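Trainee: Sequence:
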Amino acid sequence: MNTTHAHPATTDSSAPPLNLTDRIAHAHALLKEFDTVMLLTIDRHLEKMGDHPHFHARPMAVAEVDADCTLWFVTNIDSSKIDEALTPYDGHAVGQTRTRQMSVSGTFSVVRDPDQIKAVWKKEYEVWFPDGPTDAKVCLLGLHPREVEFWDASGAMGLKYLFDSAKALITGQPPTPAEGQHDKVRLI
Numbered sequence: 240m241n242t243t244h245a246h247p248a249t250t251d252s253s254a255p256p257l258n259l260t261d262r263i264a265h266a267h268a269l270l271k272e273f274d275t276v277m278l279l280t281i282d283r284h285l286e287k288m289g290d291h292p293h294f295h296a297r298p299m300a301v302a303e304v305d306a307d308c309t310l311w312f313v314t315n316i317d318s319s320k321i322d323e324a325l326t327p328y329d330g331h332a333v334g335q336t337r338t339r340q341m342s343v344s345g346t347f348s349v350v351r352d353p354d355q356i357k358a359v360w361k362k363e364y365e366v367w368f369p370d371g372p373t374d375a376k377v378c379l380l381g382l383h384p385r386e387v388e389f390w391d392a393s394g395a396m397g398l399k400y401l402f403d404s405a406k407a408l409i410t411g412q413p414p415t416p417a418e419g420q421h422d423k424v425r426l427i
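For the sequence shown, position 48 matches number 287 in the numbering used here, and the numbering has no gaps at all.
Calculated from the structure, these hints are not laboratory results.
The model shown is predicted, which means the values in this text are computed figures rather than measured ones.
Possibly wrong hints are sitting among the right ones.
Said to hold, decoys possible - Straight-line alpha carbon distances no greater than 30 Å define the calculated DSS-like cross-link-like pairs of lysine-lysine that follow:
| hint | residue 1 | residue 2 |
| --- | --- | --- |
| 1 | 271 | 423 |
| 2 | 423 | 362 |
| 3 | 361 | 376 |
Modelling step: build the complete structure from the supplied sequences, incorporating the hints.
Mentor: Written as structure tokens, this is what we have:
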């Protein structure tokens with residue numbers, strides 16, 4: 240992973256800024272909390288028709304999140320998402336909980352290695368692949384991030400945001416997100 244480029248974090252002037260390694264670790268920890276995300280690819284059929292490329296979105300269970308923030312999905316090698324993932328366009332994943340939102344953009348890879356598939360396999364995948372991780376149609380689709388952006392208003396950060404929002408109503412000055420509340424980390 241090349242981490243030499245990064246957008247500066249949105250910071251609270253009273254706290255020291257997080258270094259890039261800490262920012263990636265924070266993004267990784269947040270990404271691991273999303274069981275399901277909306278995975279977006281470019282619909283290749285529309286591209287061939289000469290129309291502007293259009294996103295095709297579908298919910299996908301996250302099988303694994305690597306330390307470099309790569310998202311892995313178990314899917315069917317014959318599915319349209321595999322064809323769409325192999326376009327020259329970046330893919331995207333977005334997720335939202337009550338207090339957290341994330342967006343990942345990057346490139347795709349397709350992996351058919353049985354050991355890697357077994358390493359992330361969950362019993363619930365057998366709904367789609369009754370033969371288990373050795374099913375001939377099963378593969379992994381990886382979304383390797385160029386950029387991870389997140390908003391985190393949970394726990395103490397959420398309380399600080401509420402306090403800052405109330406203060407903004409009184410002062411007329413919009414709140415500034417605290418360190419770790421919003422960040423855009425460029426990975427490559």
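Trainee: Is it true that the CA of residue 271 sits at most 30 Å from the CA of residue 423?
Mentor: Holds, at about 17 Å.
Trainee: Hinted pair, alpha-carbon criterion (30 Å max): residue 361, residue 376. Please report holds or violated.
Mentor: holds (16 Å)
Trainee: Residue 423 and residue 362: Cα distance at most 30 Å?
Mentor: violated (34 Å)
Checked against the numbered hints above, the structure violates only hint 2.
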